[in-house]
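*Asks:* Sequences and hints are given; from them, build the entire structure.
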Amino acid sequence: MSWVQAFILALIQGLTEFLPVSSSGHLALFGKIIGLKKPDIAFDVVIHLATLFAVLIYYRKDIIAIILSLFGKKPEEEKFSNFAERPYRFLLFGILATIPTGIIGLFLKDKVESFHSNLHIVGLCFFITAIFLFVAWKIQQKGNSNPLLNYGLWLPILIGIAQGIAIMPGISRSGATITAALIFGVCAEDSAEFSFLLSIPAILGAFILEFKDISHTGFTMPYILGFFVALIVGVYSIKLVEIVVKKLKLHYFSFYLFVLAVISFLIG
Numbered sequence: 001m002s003w004v005q006a007f008i009l010a011l012i013q014g015l016t017e018f019l020p021v022s023s024s025g026h027l028a029l030f031g032k033i034i035g036l037k038k039p040d041i042a043f044d045v046v047i048h049l050a051t052l053f054a055v056l057i058y059y060r061k062d063i064i065a066i067i068l069s070l071f072g073k074k075p076e077e078e079k080f081s082n083f084a085e086r087p088y089r090f091l092l093f094g095i096l097a098t099i100p101t102g103i104i105g106l107f108l109k110d111k112v113e114s115f116h117s118n119l120h121i122v123g124l125c126f127f128i129t130a131i132f133l134f135v136a137w138k139i140q141q142k143g144n145s146n147p148l149l150n151y152g153l154w155l156p157i158l159i160g161i162a163q164g165i166a167i168m169p170g171i172s173r174s175g176a177t178i179t180a181a182l183i184f185g186v187c188a189e190d191s192a193e194f195s196f197l198l199s200i201p202a203i204l205g206a207f208i209l210e211f212k213d214i215s216h217t218g219f220t221m222p223y224i225l226g227f228f229v230a231l232i233v234g235v236y237s238i239k240l241v242e243i244v245v246k247k248l249k250l251h252y253f254s255f256y257l258f259v260l261a262v263i264s265f266l267i268g
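The numbering of the sequence shown is full-length UniProt numbering, which starts it at 1 and goes up by one.
Honestly, the hints are just simulated from the structure, not real lab data. All figures in this text were calculated on a predicted structure; none of them were measured in a lab. Heads up, the beta-carbon is just placed ideally off N, CA and C, and yes, glycines get one too. Hints are supplied without guarantee of correctness; some may be wrong.
Simulated crosslink set (DSS-like; lysine-lysine; CA at most 25 Å straight-line) [claimed, not checked]:
#	residue 1	residue 2
1	K109	K32
2	K74	K61
3	K246	K61
4	K142	K246
Here are the computed distance ranges between Cβ atoms for each label pair [what the hints assert, rightly or not]:
#	residue 1	residue 2	range
5	Y256	I208	28 to 36 Å
6	L248	F7	32 to 40 Å
7	V135	S2	39 to 47 Å
8	I208	G72	30 to 38 Å
*Replies:* In structure tokens:
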């Protein structure tokens, strides 16, 4: 992989990992466009790891507040995540959401890897994501203001299943999880934050499963460049998603994905 290819793919990953447009689908499509003969799975995992660090950096204060709350210590600052007020329930929600994601990932990982080179499947998944984003936008217009932790234990399980299905290239992980929450009336702030915090165990698990590919390839300079590009861009894209979700603009991404689906079918 060349430096230019690494830069372009890392830039795409940083922008699309958190935007509800599917980073894996974009990597598959643009990898084809810039001439990669097949997806570089090891590089894909490295830049996903970079976006994991982006989440840790962006939500570092909230994560610390939640950890302190678990030990009965009240954070010094008042404005923190709603999850810090009920840390044990948040932890339970996170575990319940991660379990189905892990099960789906373990069973489908090998089968799904071949789909990254099939742009017809990628285009179909883009189309599915577009539909769900549009539906979530229509429902969100009715007014969503319920805290996530007020719901029953069925909701995090459902969100975890949605995240597991996002292993398909073209199905957005953030789009699937945020949409699953918004459809059931969860407030925008909790929907986005839970989606991003839920990505921590998901990306970490994928990194562990694919570590053998990285160890065989080694951290070459294009990999290192890709890591830092995806990290920096990822931090800013998280902020962008928070703004978009709160201002009810999900339909813009829906229209974009419809166009991308058509392009994928044509190129495929």
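*Asks:* Decide, hint by hint, whether the structure agrees.
*Replies:* Hints, one by one, checked against the model:
no. : hint                    : in the structure
1   : K109 / K32              : holds (21 Å)
2   : K74 / K61               : holds (13 Å)
3   : K246 / K61              : holds (20 Å)
4   : K142 / K246             : holds (13 Å)
5   : Y256 / I208: 28 to 36 Å : holds (32 Å)
6   : L248 / F7: 32 to 40 Å   : holds (33 Å)
7   : V135 / S2: 39 to 47 Å   : holds (40 Å)
8   : I208 / G72: 30 to 38 Å  : holds (31 Å)
Consistency with the previously given hints is maintained throughout, with no hint failing.
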